[in-house]
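Listed below, chain by chain, are the residues.
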Amino acid sequence: MSELLDAQSVRKSFGRTEALRGASLSVAAGEVVAITGPSGSGKSTLLLCAAGVLRPESGRVTYDGHLLDDLDEADRSRLRRRDFGLVLQFGQLVPELTAAQNVALPLLLDRHDKAESFTAARGWLERLDALDLADARPGEMSGGESQRVAIARALVSGPRVIFADEPTGALDTVNSERVLQVLLEVARETSASLVIVTHENRVAAAADREVVLRDGCNEQRVDA
Amino acid sequence: MAVGHVLLGILDQGPAHGYDLKRIHDERFPSAKPLAFGQVYTTLAKLAKDDLVEVAETHQGGGPERTTYAITAAGIESLRAWLATTESAGPYPADELVRKTVTSLLRGTDTTAFLQRQRNTHLAVMRDLVAAQSEASSAAASIEIDHTIFHLDADLRWLETAAERVAADRTRTA
Chain X
0 MSELLDAQSV
10 RKSFGRTEAL
20 RGASLSVAAG
30 EVVAITGPSG
40 SGKSTLLLCA
50 AGVLRPESGR
60 VTYDGHLLDD
70 LDEADRSRLR
80 RRDFGLVLQF
90 GQLVPELTAA
100 QNVALPLLLD
110 RHDKAESFTA
120 ARGWLERLDA
130 LDLADARPGE
140 MSGGESQRVA
150 IARALVSGPR
160 VIFADEPTGA
170 LDTVNSERVL
180 QVLLEVARET
190 SASLVIVTHE
200 NRVAAAADRE
210 VVLRDGCNEQ
220 RVDA
Chain D
0 MAVGHVLLGI
10 LDQGPAHGYD
20 LKRIHDERFP
30 SAKPLAFGQV
40 YTTLAKLAKD
50 DLVEVAETHQ
60 GGGPERTTYA
70 ITAAGIESLR
80 AWLATTESAG
90 PYPADELVRK
100 TVTSLLRGTD
110 TTAFLQRQRN
120 THLAVMRDLV
130 AAQSEASSAA
140 ASIEIDHTIF
150 HLDADLRWLE
160 TAAERVAADR
170 TRTA
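Residue numbers (numbering that gives the first Met the number 0), protein chains in the order written: chain X, 0 to 223; chain D, 0 to 173.
If we strip away everything but chain X, and leave its shape as in the complex, we get:
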């Protein structure tokens, strides 16, 4: 597998708090990587830096050989819409929009044809067993349902990398298992890479590889 995404020696602070102190993450095409570690170790910050959502203060993040720092905000946005899919813990759907509108949003923002966008959105909702929610708004959905819609939204543009930040953290075991299964299946089917932040061991166990953070740095690992 060739390396698709590479974040090296990333530092990032929020005020006086150093969230990342030189953490690194590399992900090969089609690889499933779990980022684990104690609370406050910088897992989510590393994921958001790698996804181009946050700009690190130092270090370098490259995607498909291109330095993210070289891209202006418009190019970064385009990259996030087209090549990256982002799934967060609580779905973060737009509350005023229906499930179908939420899922179609990345395509509409990317100026795709409206009818085609909604056809694709409904297709993904169906794939995620959530087509009956197409006209429901986030307030009318359960946690598991919102998360499946959020996954459909992350996948609708055919991303090469899916970033998931505690996607099952707010779900019960059965829903968590279902969401994880869907993410893994889609990643496998589309040969997308999956980077998943988690504190759940069963999620970490489903990954090809585990990257452990502690105090904003990669934990020194011993040989298995």
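Since the hints were derived computationally from the structure, they do not count as laboratory data. Note that the structure is a prediction, hence the values are computed from the model and not measured. Think of the CB as a built atom: it goes at the ideal place given N, C-alpha and C, for glycine as much as any other residue. Just so you know, not all the hints are guaranteed correct.
Listed next, with one range per pair, are the computed distances between beta-carbon atoms [said to hold, decoys possible]:
# : chain 1 : residue 1 : chain 2 : residue 2 : range
1 : D       : Thr85     : X       : Arg77     : 57 to 67 angstroms
2 : D       : Arg22     : X       : Leu130    : 38 to 48 angstroms
3 : D       : Arg22     : X       : Asp128    : 32 to 42 angstroms
4 : D       : Trp81     : X       : Asp128    : 34 to 44 angstroms
5 : D       : Ala123    : X       : Asp63     : 23 to 33 angstroms
6 : D       : Val54     : X       : Asp207    : 46 to 56 angstroms
7 : X       : Gly64     : D       : Phe28     : 49 to 59 angstroms
Based on these hints, arrange chain D on the given structure of chain X.
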């Protein structure tokens, strides 16, 4: 008398002979130690002595004699009582893993390295179980796998906490 009641639970669904009882037990509880034939026949003899099972049929074919057992009314009552009784929660005595970690820590061995290797070992087993879970064909099979996954998960969380405590202790004493 757990094995006895598990066998009663199988016989409650219809008469069976010793070989079938062993096979069904091992299929239902893949994470449990497989039943030895000797244990099956010893248990059946005790259940018969207590009038909880009875011989339904003895078949003498070309091979060895084969006895089919059936559950009795007293057996059904005993099974119901067993199913209605809750199990005690713990105690959970320190196992080899706990003893090894504490000994390693007190001796000054590299406990962090040991805990990481142990986590890798646990995660590898968890990986197989998660894969098995995704292919489980029934609620009963899923529940059986869940039980092992949750116990492994408890061990993994204990390993993580132990690693954090070791790291904090090292910082404090540095």
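Hints and how they fare:
1. Taken as a hint, the range 57 to 67 angstroms holds for the pair Thr85 (chain D) and Arg77 (chain X), whose Cβ atoms sit roughly 59 angstroms apart.
2. Distance hint check for Arg22 (chain D) and Leu130 (chain X): the Cβ-Cβ separation is about 42 angstroms, which falls inside the suggested range of 38 to 48 angstroms.
3. The hinted window of 32 to 42 angstroms between Arg22 (chain D) and Asp128 (chain X) holds, with their beta carbons roughly 36 angstroms apart.
4. Checked against the given bound of 34 to 44 angstroms, the beta carbons of Trp81 (chain D) and Asp128 (chain X), roughly 39 angstroms apart, stay inside it.
5. Between Ala123 (chain D) and Asp63 (chain X), the C-beta spacing of about 32 angstroms keeps the proposed range 23 to 33 angstroms intact.
6. For the pair Val54 (chain D) and Asp207 (chain X), the beta carbons lie near 55 angstroms from each other, so the given range of 46 to 56 angstroms is met.
7. Taking 49 to 59 angstroms as the suggested C-beta distance range, the pair Gly64 (chain X) and Phe28 (chain D) conforms, at roughly 52 angstroms.
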